[in-house]
Amino acid sequence: MAQFGRPSTDTVNESYTDQGGGSSNIYTTIDESVASDADYIRSALAPTNDVYVTKLTTVEDPQSSSGHTVRYRYAKDASGGAQIDLTVQLRQGYVNEGSPGTLIATCGSHTNISNSWTDGSYALSGAEADSITDYSSLYLRFVSNQV
Amino acid sequence: MATVAKGPTGDSNVSGTWSGSAGTRYQAVDDYPDSGGADYLEHGTAAGYLEFTYSAFSIPAGSTGISVQVQYYDAEPGSGNNNCAGRLVVGGTAYNASTHNPSGATYSSRSDNWATNPKSGAAWTVDDVNGVGGNALQRFGFYAGDANPVIRFSSIQLQVTYTPPQNRAQVSFAELEVPTAPRRGRVSFAELETPSVPRRGQVSFGELEVPTAPRRARVSWSELEVPTAPRRGRVSFAELETPSVPRRGQVSFGELEVPTAPRRGMVSFAELEVPNLIGGGFSFPQFQGPVLDS
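Chain order of the listed sequences is A and Z.
Residue numbering for the first sequence follows the numbering used here, beginning at 1 and increasing consecutively.
Residue numbering for the second sequence follows the numbering used here, beginning at 1 and increasing consecutively.
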């Protein structure tokens, strides 16, 4: 059996919206248990290292250094056009960009992302998993940038 | 705003007099920005042009604000009135930028700009600069209206300036999976039920306890001794006989007191209870007294 930490709140939102342009509680578009591309968060046009951070739901300390996996799905909004890069991080104790907490792992540094939805998956190393000291304070941080 | 540039990769159309050899002249100017004239082409004195081929651009679809520049370095080893400019070939037609008079032996940086497509007269499209369609950008190079005195070109490139389309990053799903936290098994109750082992009934002792049978106390004899009752001397009669007037002897009081008749103490019931003796059977000490009248 596994347990899952899922987006639970918009901690920091630098001009991200949901697929319809709404800006409130956009974490709800990416918190499903079965991935769906029907709803999603999106950066502003031509993002300049725009940040979105969401707090994950609390999971119980599994007392294990293995089996920690971050998953996400990402894409660019249209084919061709400008290059969009996306960085995904797992952090602990994040407050804001001035106090970003501890970087647990950089789960993905995606350059020139495609306009096709792509699975992102990152398995934490044992050391990275062991660096988690508070499973109630984990965050996913997304940074998008147009090159 | 973004830019992308291409250097010459081959010779194309040529006219006038040029140094170097046909087919390889591009190699003398493919090192933009050679501002020092490490190598160069010398044009003149017969004016003309020299066109180069290049590898196609791949401007992103949706790009806007496209302009095209021919950038180069020129100089004239001998001063004089001459003129030159950059050149584009678009949709099969050559277009020369406005000419200028290169001056001095020191190479000067030049950039001739086409803000719109000279063939269509409209804004450049992505297809135009990517070499697609009837108004495609095809070649670039040098042009001289007057190459006397000679003109030198040390390097050249074709640049496209554009505003890339604005895009967004999108994320449709995110989760963190961790193993389930371990648990301890707990057992709060356990038992093994088995049929009872057969047993024999055993009786090691049996008795019937009944109330002790009542007994009568008997008193076979008893007395009460009391002091002898006092007696009175009595005179039951006394007289004085006298001759005389007869009198009556008077007695105002007289009685006969006798001892109280003895009585028997009566006991209607008496018993002495003693513990039953162990070993079966018992003896009941009996106390016998006189049987008393009621």
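Worth flagging that the hints you see were computed from the coordinates, not collected in a lab.
Backbone N, C-alpha and C fix where the C-beta goes; we use that ideal spot for every residue, glycine too.
Among the clues, some could well be false.
Claimed, not checked - Listed below are several chain A residues computed to face chain Z (Cβ distance under 10 Å; list not exhaustive):
no., residue
1, Glu32
2, Ser66
3, Arg73
4, Gly80
5, Val95
6, Ser99
7, Tyr135
8, Ser136
To be verified - According to the in silico footprint, chain Z covers these stretches of chain A (three or more CB under 8 Å from chain Z):
no., stretch
9, 5-15
10, 52-65
Results for each hint:
1. Interface hint status for Glu32 (chain A): upheld, as the beta-carbon distance to the closest one in chain Z is roughly 7 Å, under 10 Å.
2. Using the Cβ-Cβ criterion of 10 Å, the hint placing Ser66 (chain A) at the interface with chain Z is satisfied: the shortest such distance is roughly 7 Å.
3. For Arg73 (chain A), the interface hint holds, the least distance from its beta-carbon to any beta-carbon of chain Z being 4 Å, beneath 10 Å.
4. Hint on Gly80 (chain A) holds. Least Cβ distance to chain Z is approximately 4 Å, under the 10 Å limit.
5. A distance limit of 10 Å between C-beta atoms decides the matter here; for Val95 (chain A) the minimum to chain Z is near 19 Å, and the interface restraint is violated.
6. Taking 10 Å as the C-beta contact cut-off toward chain Z, the hint placing Ser99 (chain A) at the interface is violated, the least distance being around 21 Å.
7. Hint status for Tyr135 (chain A) relative to chain Z: holds, with the closest Cβ pair at about 7 Å, below 10 Å.
8. About 12 Å separates the beta-carbon of Ser136 (chain A) from the nearest beta-carbon of chain Z, more than 10 Å, and the hint is not met.
9. Counting residues of the stretch 5-15 of chain A whose beta-carbon sits less than 8 Å from any beta-carbon of chain Z gives 3, enough to reach three: the coverage restraint holds.
10. A stretch counts as covered by a chain when three or more of its residues have a beta carbon under 8 Å from one of that chain; for the stretch 52-65 of chain A and chain Z the count is 9, and the coverage holds.
Consistency with the previously given hints fails for numbers 5, 6, 8, ordered from lowest to highest.
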